[in-house]
Amino acid sequence: MNGSPALALQVGAIGWRSVRRTLRQPATIIPAIAFPIIMLFVTSAGLRASESLPGFPSVSYFDFALVITFMQGAIFATAGAGTDLAADIESGFLDRLALTPMSGAGLVIGQLGGAVVFGVLQATFYLAAGLIGGATIAAGVGGVLVIYAMVIVMAIGFGAIGIAAALRTGSGEAVQGLFPIMFTLLFLSTVNLPLDLIPVDWFRWIATVNPISFLIDAIRSLIITGWEPSVLLVGFAVALGIMVLGVALAAVALRGRLLRT
Amino acid sequence: MPAIEVHALTRAFKKGPRAVDGIDLTVDEGEIYGFLGPNGAGKSTTVLMLTTLLPPTSGTALVAGFDVVKDGARVRGAIGAALQEAALDRFLTGWEHVRLQGALHGMSRSDIERRGGELLDRVGMREAASRKVGGYSGGMKRRLDLALALLHRPRVLFLDEPTTGLDPQSRAALWNEVARLSRDEGVTVFLTTQYLEEADALAGRVGIIDHGTIVAEGTPTALKAEIGRASVEIEPHEAARLADLERTLAQFGTAIAAPATGAAIRLDAGVADVAPIVRALDAEGIRIHQLRLREPTLDDVFLEKTGRTLQGSGDSAAEGDEA
Amino acid sequence: MTRRRGWTSAVAGIASRQTRVLLKSPALLVPSLLFPMLFFAALAGGLAELARVPGFDYPAGYTSFQFVFVLFQASMFGGVFTGFAAARDFESGFARRLLLAVPHRSAILVGYVVSAMVRAAIIMAFVTVVALLAGLDLIGSPLDVGLLFALALLSNILGSLWALGIALRFRTMNVAPLMQVPFFVLLFLAPVYVPLDLLSGWIREIADVNPVTFLLEAGRALLVGEAGPVGTAWLVILIGGIILGIWSLTALRSAERG
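Protein chains in written order, with my numbering: chain G, 1 to 261; chain Z, 1001 to 1323; chain E, 2001 to 2258.
Do not take every clue at face value.
To be verified - Just so you have them, the derived chain G footprint on chain Z, three or more residues with Cβ under 8 Å:
id, stretch
1, 1051-1062
2, 1081-1088
As the list claims (entries may be wrong) - Residues from chain G that face chain Z, not an exhaustive set, calculated with beta carbons under 7 Å:
id, residue
3, 5
4, 13
5, 99
6, 168
Hints are computed from structural coordinates only; laboratory data are not their basis.
We put the CB at the ideal spot given by N, CA and C, even for glycine.
Just chain G, with the same shape it has in the complex (with noise of 0.2 Å):
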């Protein structure tokens, strides 16, 4: 009798078959990386007029945009980890895993570091789209290990967002339905403009309180400032709880979806 591998070679095994499998979709993985650097550059020469606004950092405009590509990326994980979970339970693959002595934690531990290595993939893209693009990182080398660490960190937290999704409804479509709520948050934030620079009053107070804010806020610091610490703190904060709720939605739900004994 075999008997039951450790966690860390249950999660390598999962991680590396969500890994194969998402490099193996050529028509998902090329949209989302290509996607956010094409839209990087369409917006960012249309807004290229906000550089004369009084108030607007002086920085290019494309380098204050470049940050979106790293948040689109992380709705992009949601969707991804969720979606292929969601496949998984509905094909009944979940079920053959079930029978197998791995545990609960270590399907979701290895889903995500699919989501993990795609994410640091991604992110690498985009770094590269806006190196070429003229982009220079404030903050250095030592930035860009930064933002990688922040990629991580999202790529953990929406992820499980996605696989909890995933488990709950057990449906493709409703983890699919996700993306538009994210694409909302992301508008309704200081994607576009610095908060000083947001007249309307009611969009202000929401762009204030997203917690998406301050995630970009921070990445984009890095890019425009060099090194802000607060502003550095507050985002890896809101990460990490993005990071803790997420994780504890997709512990939660991955109870009610595995019902073996």
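Place chains Z and E on chain G using the hints.
Only chains Z and E this time, still in chain G's reference frame:
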């Protein structure tokens, strides 16, 4: 020690009737047990409970000597299952499935390669295993499914409708392999099916389930013998003589359902009555266009016990000889 | 459906079925209404400060400026979503029944297009009401404003024909991104955030020749009763309609062949 021991096993869902309503059964080691019933009878729910994927509402079940509720992990270590949809990942190759499954079972790499190769050879999937599952036919998926279920050398194998949707060749190949597993390796097989042929051909014993309860259990031969008698169906050459035919046949047994062009009876004395019937019809000058002799089938058993015929038995043609 | 249906009744039948499906299904209707609102909020609300960019002198203000974009975007995307509906109909097998039952197959295409226009009209009405509450300023004459809405409504046809062409060629929902993304990108390579003359660089060069630019600039001009490329905008609708009409008709042939 029996391989599977079930007592008063019940599964109730929040809404609606009980899917499984207090079933008892025992399966000996090395036996092939067929669980036969129409869609919605409770077969799959039973399998889910016995494979620990669904907790029972009440009752007990021991699989490979372990309690499915208290010792779920040990049960899972001792069983293999090929469940209703060949649940595979279309982006992975056959070999990748083998390695994933083996890794999750804690098998060593060399063991996975050796055992995996052996099983893939056995089910005829060695070459196809390096291709992605998305390109497999239904039969290929089922074969891979079986190989995966056997990877960690389980003592009990659960097969949930394993040949649904397969072509006759694939079905026959799967039957051969299942029979061999039981005969040569002593694997206990718990098989659910809608197909009479399958239960008849493979199972040492059959349990017939309907609406969550077992309505009959025994060897196929014994069950059919319970229902007993053969029936004969005759079509006359001249349609006008149908009434005369019916009258003559009435002497030999009780009338049963027949096509509009003929008459059928259940024979009082069994097959031995066929010759006298032919002679009697000959004496009346009734020429026979077609004569069909039917031995009872498991469908007849089901009909007898539940008042309905088994759905999904469309593959099995009426058995017997035609004159 | 019997084979004796005339062309018009086939169109009416298909159009009314699509409309009924939309109105009965909150999961489809609500996003169609909510998305334009979201865009409007993000653009008019979040980017209102752009009115202070030197050179921005739109008489009706930034909210009205963005209203035109949202109107056209909602209308054209209403058309694209109709392509989704057609693709879904093919996946479910319903479209196959239509092809068998309807003698003049072009009626199928026109039926979808008409239903798309009905959908667009509903969305446009909704967006307009919300915009009026948010401070939309319709300065132009009733004729001008009427032309604006007519132009926007007809631009819906371009979205429909494009998406239907894809749907009929591929007959699966998997190509939904292919229906959306090119249109989305085309839309954003036009003066979305600021007027054309405040764009610079490579995007200005593209926007100068982008057909959508003429629609937006004409619409914005009509809203304030000023001169603009209105004639060119009608030409865009006409020529675009012809080209995309051929695109979708040839796709219909391919669908008939299976």
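These are the hints, each one checked on the structure:
1. Counting residues of the stretch 1051-1062 of chain Z whose C-beta sits closer than 8 Å to any C-beta of chain G gives 5, which meets the bar of three, so the coverage hint holds.
2. Remark: the stretch 1081-1088 of chain Z is confirmed as covered by chain G, as 6 of its residues place a Cβ nearer than 8 Å to a Cβ of that chain, reaching the required three.
3. Look at residue 5 of chain G: its Cβ gets to within about 4 Å of chain Z, closer than 7 Å, so that hint holds up.
4. A distance limit of 7 Å between C-beta atoms decides the matter here; for residue 13 of chain G the minimum to chain Z is near 4 Å, and the interface restraint holds.
5. This hint holds: residue 99 of chain G has a C-beta 6 Å from the nearest C-beta of chain Z, less than the 7 Å allowed.
6. Taken as an interface hint, residue 168 of chain G does not check out: its beta carbon lies about 17 Å from the nearest beta carbon of chain Z, beyond 7 Å.
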